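Participant: Note that the protein sequences, when read in sequence, are chains A and B.
For the first sequence, full-length UniProt numbering assigns the number 1 to the initial residue and increments by one for each residue that follows.
For the second sequence, full-length UniProt numbering assigns the number 1 to the initial residue and increments by one for each residue that follows.
These are computed hints drawn from the structure, not numbers from a lab.
Incorrect hints may have been included.
Taking CB as the label site, the calculated pair distances span [what the hints assert, rightly or not]:
#1 A:Gly294 - B:Asn166: 34 to 42 angstroms
#2 A:Gly194 - B:Asp174: 29 to 37 angstroms
#3 B:Asn166 - A:Leu35: 54 to 62 angstroms
#4 A:Gly194 - B:Phe16: 22 to 30 angstroms
#5 B:Glu128 - A:Val284: 43 to 51 angstroms
#6 B:Gln106 - A:Gly116: 31 to 39 angstroms
#7 A:Leu295 - B:Gln106: 30 to 38 angstroms
#8 A:Leu219 - B:Glu291: 51 to 59 angstroms
#9 B:Arg15 - A:Arg16: 58 to 66 angstroms
Here are some, though not all, of the chain A residues that point toward chain B, as calculated from beta-carbon distances under 8 angstroms [unchecked claim]:
#10 Gln55
#11 Thr57
#12 Ser198
#13 Leu199
#14 Leu206
#15 Gln212
Because the structure is a prediction, the values reported are computed rather than measured.
The beta-carbon is built from N, C-alpha and C at its ideal position, and this holds for glycine as well.
Each chain is listed here by its residues.
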Amino acid sequence: MTSRTGGAQRSTASLRHRLAERGIDPTLLLLVPGLVVAVALFVYPFSYGIGLTVQPTAAMQEQWGGGVFANYVAFFRDPFVFDSIGITMRLALPAALFNVLASIPVAMVLRHRFRGKRLLTSLLVLPITLGTVLTAQGLLIFAGRQGWLNRALLQAGLIDEPLQLVNNYLGVMFSLVITGFPFAFLLISSYLSGIDPSLEQAARTLGAGWWQRFRRIVLPLLAPGLATTFVLTFVLAFSVFPSARLVGDAMGSTRVMSLMAFRAFGEQNDYAMASTIALMMGAVELLVVVAVLGLRSLLYRGTTGGKG
Amino acid sequence: MSAFESLELRGVGRRFGGVDALAGLDLTIRAGEFVALLGPSGCGKSTALNCLAGLLPLTHGEILLDGRRIDTLPPERRGFGMVFQSYALFPHLSVEKNVAFGLQMQGVPRAETDRRVRAAIELVKLGEHARKLPGQLSGGQQQRVAIARAVVLEPSLVLMDEPLSNLDAKLRLDMRTEIRRLHQSLGLTTIYVTHDQEEALSLADRLVVMREGRVQQVGTPDELYESPTSWYVADFMGYRNILPATVVSASGGEAVVELPGTGGADGVRLTGRAVGALRAGDSVRVAVRPEDFVVAGPGAAADGGAGAIGGAVAVVEYHGREHAVSVQAGDVMLHARSATPPVVGGAVRLTAPVERVLVFPESLDAPVPQEVAA
Chain A
1 MTSRTGGAQR STASLRHRLA ERGIDPTLLL LVPGLVVAVA LFVYPFSYGI
51 GLTVQPTAAM QEQWGGGVFA NYVAFFRDPF VFDSIGITMR LALPAALFNV
101 LASIPVAMVL RHRFRGKRLL TSLLVLPITL GTVLTAQGLL IFAGRQGWLN
151 RALLQAGLID EPLQLVNNYL GVMFSLVITG FPFAFLLISS YLSGIDPSLE
201 QAARTLGAGW WQRFRRIVLP LLAPGLATTF VLTFVLAFSV FPSARLVGDA
251 MGSTRVMSLM AFRAFGEQND YAMASTIALM MGAVELLVVV AVLGLRSLLY
301 RGTTGGKG
Chain B
1 MSAFESLELR GVGRRFGGVD ALAGLDLTIR AGEFVALLGP SGCGKSTALN
51 CLAGLLPLTH GEILLDGRRI DTLPPERRGF GMVFQSYALF PHLSVEKNVA
101 FGLQMQGVPR AETDRRVRAA IELVKLGEHA RKLPGQLSGG QQQRVAIARA
151 VVLEPSLVLM DEPLSNLDAK LRLDMRTEIR RLHQSLGLTT IYVTHDQEEA
201 LSLADRLVVM REGRVQQVGT PDELYESPTS WYVADFMGYR NILPATVVSA
251 SGGEAVVELP GTGGADGVRL TGRAVGALRA GDSVRVAVRP EDFVVAGPGA
301 AADGGAGAIG GAVAVVEYHG REHAVSVQAG DVMLHARSAT PPVVGGAVRL
351 TAPVERVLVF PESLDAPVPQ EVAA
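Taking the hints into account, I'd like the entire structure generated from these sequences.
Facilitator: Shown next, in the form of structure tokens:
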């Protein structure tokens with residue numbers, strides 16, 4: 001117990017230590033420039049956007065009612081807008097799931113040393129450097145009705161009609177896999193390298209075959225990383241915009257939320273409704289992220305024994 | 001796993017990118033034996049162990065278990081238990097589940113698994129920690145789990161890769177005793193890799209000293225301790241003073257050598273026991289244990305011993321019952337023991353009995369007569 005009442009015993013500690021004792025750390029001042037930037041570029045615009053959502057246009061209020069919440073009423077009541085949630089989910093969930101699941105075996109194989117590993121890794125990661133627009137362009141040229149793929153297949157006599165691979169759901173899915181897979185692969189590779197290889201060796205000496213080693217040792221230790229990777233690739237896929245428009249069916253099966261927001265903003269000049277859709281998009285993403293991270297918290301999350 | 005009669009390694013070798021990490025290892029291990037592979041890091045001892053476990057494929061030679069080739073089997077089908085230097089406990093499984101893992105892989109019935117796991121955990125005295133995760137245990141406890149996990153399968157062979165090197169000095173002594181006790185009570189054939197000569201000497205029935213991927217000497221602890229066949233092995237066996245010298249004359253198993261740089265024009269002359277054939281003019285290494293040196297005052301006469309090296313006391317360390325004394329003799333630093341602490345800076349003479357001064361040929365690659373071939 002410190003004798004505060006006496007007052008005679010003045011602390012001889014330095015100012016820094018006395019401040020620290022009251023929970024004040026002067027080095028935290030270094031955060032100020034960062035905070036200023038964050039407030040100016042994120043907090044203020046974000047709050048402004050939220051503010052916009054409750055300032056619906058007169059037309060909206062008249063059509064949907066609900067006073068200042070007319071935009072939200074419109075979002076939930078207008079099937080053309082509301083259905084875009086499901087459409088986006090149908091793209092983003094399978095794409096994220098596929099990227100994660102496909103990355104696991106590839107990352108597992110690429111852990112070992114072999115000739116040509118660097119080349120193969122580079123090829124797998126290369127699409128990360130391509131913009132979505134370039135990917136879309138490439139897909140149109142390669143897989144379009146007049147693309148190389150269809151012409152080659154037609155001439156080989158394997159198909160009678162060109163396959164419809166772009167300008168629909170499939171085209172966007174391809175694009176999401178091409179851009180999302182390298183992310184998932186890189187992340188999962190680094191999670192895998194964090195698992196001490198001697199754990200698998202130990203499992204081998206205890207008689208575990210490759211499936212048992214994967215199922216009982218690697219997978220449980222990798223699972224939290226898989227959840228994180230899923231969340232990141234899901235968010236990436238959920239905000240799909242350029243490819244939904246360029247290689248998708250923008251008014252049909254790939255009428256994703258970001259397209260709806262853009263439509264309200266660019267075509268209808270209704271900033272308030274655009275903000276509302278954008279905000280709801282964030283809310284849906286947040287729901288999925290919270291659900292996945294909630295499941296993740298049930299898993300073992302301690303050390304994995306490796307260098308990671 | 002059933003016990004075996006003998007495990008035979010024939011010309012086992014492993015190359016990494018043109019470098020022999022292990023070459024021509026011939027060794028026969030009898031059931032129940034405790035064999036230690038001893039050497040500095042990079043000598044090939046861990047490579048040998050990994051080759052035995054099957055974690056590294058051989059590039060040369062073969063491994064036979066009772067005459068049956070096993071080096072082509074994957075590790076999961078060899079039925080050897082292994083204890084890793086890093087313990088390699090499964091961090092997400094409790095102590096019980098770590099120990100049960102191997103039994104589950106073998107499809108042992110549930111009730112028997114439970115019984116054997118409990119027995120193994122009791123054996124390493126971890127009963128009250130059975131449900132904890134490895135991360136909640138101390139280093140010594142983790143090591144005991146690793147040992148329990150390996151022995152619960154009653155493997156025909158237990159491989160231990162420097163299991164004590166991550167523990168502090170006191171715990172290492174306790175665990176050493178523990179490992180010895182386990183070996184004596186279970187009688188499991190064990191191959192133990194270490195760089196610590198004390199550990200090897202105290203645990204093993206037989207020692208294999210390795211250097212640059214090759215076996216330097218094989219023998220029982222007292223054979224190696226008393227009669228090393230090369231200065232390299234002597235170095236490991238506590239001959240802390242290893243000095244380069246030249247043979248002046250050699251006859252009848254004794255050699256007179258000159259130690260350059262120990263004062264005087266040609267250095268001090270010593271007489272020692274010649275190990276191997278030596279001729280006058282040969283370059284040799286002289287090996288003396290610190291405890292074999294007698295620290296005498298400067299006036300003491302050289303009384304028929306190996307000779308005397310004069311020098312000044314440089315460092316005195318208190319070691320409880322005795323003092324470790326470092327003596328600067330010319331350019332070389334010599335290590336000795338003394339019951340009474342000499343004065344730092346004072347002049348002393350170091351003498352030793354002739355039979356405690358070993359003279360080895362300088363070259364390690366030349367074939368050394370294996371007096372104590374196993």
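Participant: Against this structure, judge whether each hint is valid.
Facilitator: Evaluated hints:
1. A:Gly294 - B:Asn166: 34 to 42 angstroms: Check passed, 37 angstroms falls within 34 to 42 angstroms.
2. A:Gly194 - B:Asp174: 29 to 37 angstroms: holds (32 angstroms)
3. B:Asn166 - A:Leu35: 54 to 62 angstroms: With a Cβ separation near 44 angstroms, Asn166 of chain B and Leu35 of chain A fall outside 54 to 62 angstroms, so the hint is violated.
4. A:Gly194 - B:Phe16: 22 to 30 angstroms: Holds - the Cβ-Cβ distance for Gly194 of chain A and Phe16 of chain B, about 25 angstroms, lies within 22 to 30 angstroms.
5. B:Glu128 - A:Val284: 43 to 51 angstroms: Given range 43 to 51 angstroms: holds, Cβ gap about 49 angstroms.
6. B:Gln106 - A:Gly116: 31 to 39 angstroms: holds (38 angstroms)
7. A:Leu295 - B:Gln106: 30 to 38 angstroms: Given range 30 to 38 angstroms: holds, Cβ gap about 32 angstroms.
8. A:Leu219 - B:Glu291: 51 to 59 angstroms: The hint (51 to 59 angstroms, Cβ to Cβ) holds, given that Leu219 of chain A and Glu291 of chain B are roughly 56 angstroms apart.
9. B:Arg15 - A:Arg16: 58 to 66 angstroms: holds (59 angstroms)
10. Gln55: With a minimum Cβ separation of about 52 angstroms from chain B (threshold 8 angstroms), the hint on Gln55 of chain A is violated.
11. Thr57: Because about 55 angstroms separates Thr57 of chain A from the closest Cβ in chain B, which is outside the 8 angstroms limit, the hint is violated.
12. Ser198: With a closest approach of 4 angstroms, the Ser198 of chain A hint holds.
13. Leu199: holds (5 angstroms)
14. Leu206: holds (4 angstroms)
15. Gln212: holds (6 angstroms)
Comparing the model with each earlier hint shows violations of hints 3, 10, 11; every other hint is respected.
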